[in-house]
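Peer 1: Sequence:
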Amino acid sequence: MALFRCNKCGHLREVASEHIGKSAKCPQCQHIAPIHDTVAFVEKILEKYFALQKELIKLQQTTNASDPLEIQVIDQPSGELFSLKDIDIHNTTELANDQQYQPIIEWFGAKKVTVKVNPKELDTTGFFDEMAVELGNNYEVLREVSEKIKRIQNKGYTNVHFQLAKKSQKHIQEIVNFCNQLYRFSFVAKCFYQKHEKIVKLTLQTAPAIVQFFNGTWLEWFVFIKVFNLLQEKHTPFSGARSLTVTLPNEDFHELDVFFLINNNIPLCIECKSGEFRQDLDKYSRLRKRLAIDRSHFILCVAGLSDEQAQGLTSMYEVTLVNEKNLIPHVEQLLG
-14 MALFRCNKCG HLREVASEHI GKSAKCPQCQ HIAPIHDTVA FVEKILEKYF
36 ALQKELIKLQ QTTNASDPLE IQVIDQPSGE LFSLKDIDIH NTTELANDQQ
86 YQPIIEWFGA KKVTVKVNPK ELDTTGFFDE MAVELGNNYE VLREVSEKIK
136 RIQNKGYTNV HFQLAKKSQK HIQEIVNFCN QLYRFSFVAK CFYQKHEKIV
186 KLTLQTAPAI VQFFNGTWLE WFVFIKVFNL LQEKHTPFSG ARSLTVTLPN
236 EDFHELDVFF LINNNIPLCI ECKSGEFRQD LDKYSRLRKR LAIDRSHFIL
286 CVAGLSDEQA QGLTSMYEVT LVNEKNLIPH VEQLLG
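Counting in the working numbering, the sequence shown runs from -14 upward without gaps.
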């Protein structure tokens, strides 16, 4: 048999022996290349291989003995946290770098807890983070839009409309702007505003990631971005992750919505709920104790929860409850 190897794209294939010494066009890139005798071709490859192997052995023998040590020292981590100081949180893949969240894995590892981080959950090059902040910053006004989209999507329908005639001009403008942004970033397929009747009509997307966003991951993004920005502004060293899966020593596993490790040793765990949460209060209380996290640092953020409810439930259960408005003041207080 003979071998055809393209020198341009590297395409390799066997051809009939009768073509040895001829040239042919590469079927992939159309570059013309010669056809070789298989045995002769392999002999040349082996000749080059052994020549390189001898050269490598000579280099290894002449290398100064201290060089490997120097290389090892250079390769060792400096002990400093992965720098997040200059990162644009709304458009980066740097958070998905395993060096960024490695301190979190090590912190849990010291407690014999295994952690899995999905780097895709830390990629902010999409628009989930921007829309989450837009929704969370004005949740009192936009809550109706978010919850109705969620309800219609869960029923399997794709059309929804909002009657705005009874609302103030300010709120109408805010809702219309939000819906236009949903369309601009493809969270909805169509957006039409009937100005005279003051009706917004939306055609919804059915992509799972969009459905999940309105089902609650918007709040996870909101919390993650807001706390990240706070820590970044205060020049506080930290690592952060969202949607972690932790497996305890007894093989029980849980998903943590948002987790930060501040100054390499202070945990901040934030669970997020945009719907019913009361059935999970006992679960979170037990989990906090098993992870040995201070009560003030294990937070349940419930969208739309009143300040009075948050304060009352915090005094009743072994976790700290906040809403989307007083989350950051609480974290600021923890930072001192």
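Hints in this document: simulated from the structure, not taken from any laboratory.
Do not take every clue at face value.
[As the list claims (entries may be wrong)] Across the chosen pairs, the derived CB separations fall in these ranges:
no., residue 1, residue 2, range
1, T110, A9, 39 to 45 Å
2, E218, Q264, 22 to 28 Å
3, E129, P234, 41 to 47 Å
Every residue gets a Cβ at the ideal spot worked out from N, C-alpha and C, and that includes glycine.
Peer 1: Hints first: check each against the structure and report whether it holds.
Peer 2: Hint check:
1. The beta-carbon spacing between T110 and A9, approximately 44 Å, falls within the hinted interval of 39 to 45 Å.
2. The hinted range of 22 to 28 Å is not satisfied by E218 and Q264, whose Cβ atoms lie roughly 36 Å apart.
3. Separation of E129 from P234 is about 45 Å and conforms to the stated range, judged on CB atoms against 41 to 47 Å.
Checked against the numbered hints listed earlier, the structure breaks hint 2 alone; every other hint is satisfied.
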